[in-house]
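Novice: What follows is each chain in one-letter form.
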Amino acid sequence: MKTSSFGKYERIINKGTMNVIIFACVIIVIAIMITGISSYVIVKNAMIEKLQKQDLVYILKSISAQIDDRIDRAKETSLILADNPEIIQWFQEGETDETFKKLFIEQMTDAAKTLNYTVFFTNRRTGHYWTNSNLLTDTMSKDKTSDRWFYDTLSSGQKINLNIDHNIVLNQTNLWINTLMGDPHDPAGVAGVGVDLQDISKEFGNYKIGNGSNLWLIDTTGKISISDDVEQSGGRLSEYLPAEIFTDILNDASNGESLKVVSYVGSDGQKDLVFQKLKSCNWILVFQINRSETLGLLNSIMINTLVSVAVVLIFLILVFYTVSSRIANPYKKTLQLNLELEKEIEERTTELREQNSKITESIYYAKTIQESILPSSEVLQRILGNHFVLWRPRDIVGGDFYWLRETKIGWILVVGDCTGHGVPGALMTMAVNSILSNIVSKNEVISPTDMIKDLNHQLKDALNKEKGDYATDDGLDAAIVSYENSGRLLFAGAKMNMYLASSGQVTVYEGHRNGIGYIKSIFNDEISDTIVNLRAGDRVYLTTDGYVDQNGGPHNYSFSKRRFRTNLLNTLDLPITKQGEWLEKELTSYQGQEPQRDDITVLGIEL
Amino acid sequence: MERLFIKESKSTPLVDFDSDRGLLVLKGQSYPEDPFAFFKPIIEWVKEYLASNPKTVSLEFTLTYINTSSSKCIMMLLDALEESFDNGLTIDLRWFCNEENEYEQECAQEFQEDYTFPFEIVLV
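Going down the list, the protein sequences come from chains S and V.
Just add 76 to wherever you are in the first sequence, counting from 1, and you've got the numbering used here.
In terms of the numbering used here, the second sequence has 9 at position 28, counting the first letter as 1, and numbering is strictly consecutive.
Since the hints were derived computationally from the structure, they do not count as laboratory data.
It cannot be assumed that every hint is accurate.
A short list of chain S residues far from chain V (calculated; beta carbon distances all over 12 Å) [claimed, not checked]:
no.	residue
1	Val105
2	Lys235
3	Thr297
4	Glu307
5	Ala319
6	Glu423
7	Lys434
8	Lys443
9	His497
10	Glu520
11	Ile522
12	Asp550
13	Val582
14	Gly656
Subject to a maximum C-alpha distance of 27 Å in a straight line, what follows is the list of computed DSSO-like cross-link-like pairs (lysine-lysine) [as the list claims (entries may be wrong)]:
no.	chain 1	residue 1	chain 2	residue 2
15	V	Lys28	S	Lys596
16	S	Lys137	S	Lys408
17	S	Lys355	S	Lys126
18	S	Lys596	V	Lys21
19	S	Lys189	S	Lys178
20	S	Lys336	S	Lys355
Where is the CB? At the ideal position from N, CA and C, for every residue including glycine.
I would like the entire structure built from these sequences, with the hints used as guidance.
Specialist: Next up, the structure:
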């Protein structure tokens, strides 16, 4: 019972609250997911924006500024060297002045040493090729392919020409600033410096972010002049980029020097590309990077976001669950309260049941005691002869009793109804019983009237102490019959009658109107014994008011004395024991479903 | 005096004692566990009322069942009235009985025998 009612509430709680909790949790999850995703997207876009507008631009600008700076300085140096009038003159004179030759060599080597350049001079007239390292290195010849650059430069009419020279074997890249000496239309020769671009190439490596990025310096045809990867140097950029991007770079770069950012999807993912034409020459600097590389940071951001989302989710759901299920859910609270109350009631009921069972047990024990003072059916049979007894206390024990004593000349029978029923009534019967025993043992032959007077006196003395307080005004109704073996019967009653059946008639002998033992109960001379001489087969019946007071029947009226008397009359033909059974059955059927009102005692004797 | 009114319960009768009209009404059954406790304030009220020297007192009883102890209490109540009657108070008691309920009539008759003031059993 307890478990099943508990389970019932559990189910209600689960059905009702779980739906709400799940619904709310789903909303929380969605809300936090949206927050997480949107912040991730915002951060991602911000990073891409920053990459394209700031980082890539910054990288490209600083590299191009560096290269521009170097080339500009090299150009300046070349111009200074190439436009030295003394050297021009010395060249035009066919390098005849030996004194100046020394000075020239000194100047050349000094310049090379200071600027860390390779410095060279080539005389148009003699074809002599001077360098700071080997001094007179070579003599130019129109027939040699390797010397073509010299004649091309001379005929270009352009003051400065740039040329890149790769040496794959030495892993060297040199930028040559070829400058026409003197008047470009009639140059004395070609002079200039060679800049080792190896360190720029290294610099390129420093700017690389991860393996997915590339830094190229290309010329106007798309040939790669410098790359951080030496193997790519001398190759074509079109090998590494989609054709349309490559075309765009060449077109855009030829139109201006502005910096451009392009995004495209390559074979291995999204790529960002930025390029700019150098200021110092027509070369184009191209920087390309994989988006995944730049956004590598995003992965850790994403993981962090996911972790924090999960933590916040768990925390929120826990808090929400606790709040909703324990504090804020009045529905569940009510049910819990109800459960607690039910439990408490259950406990109290158990307690009461235990107490009740203790009390009941104790009363049942009292019943055995009360029954033990009542004469047994054997004793009744032996002394009274044929008889019946109907003794039915309302509550286990009761205030009704019957008392029998054998005398020298016959017997004395008392039927009493003490005030109250249940335990108080039973206590009274015990007191009355002992008083009766006391009265009769002192004087065995005693008239019923004297017994009533004596009992009245002793009971008042014992119980009420002449206090005059209603609350303790207790006493009893009684009928006393003294039978003498000669066939004479003496009767006296206190609010109780005797029914005598004789010769097919039932006569009612009324008792005195006072009860016994009450404060106002006084028995003076007006009470006297009723004396009847019996004939064989006469029957005497004594009954307490319980039988006639019992309600029931079609109108729920009390049974009444008249009906009782009529019933006796109608069943005189039955043997006395059968008559008793019949009376009991009649009572039971009259009572029906009504509870018993009072203690019931009926005694019948056939004499 | 304040009117005494006690609602009827399963085991106690309706009590409506109206001192202004001099009418005391008892109606119902009476078999409480402790009748003395129930009747004590009622009897005290009646005694106090009688002490105030009312001119006439009418009683209307309709008691379908009274147990022994309750009848003892009602007797006390009527004893007090009998005493005032002896001292010159005008009293009349009408005890209503169902004409088919012999027990009620028997009960009323037993009371009737005990008192000398006007005591009428009215069969309804």
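Novice: Report the numbers of all earlier hints that the structure fails to satisfy, in ascending order.
Specialist: 9, 12 and 16
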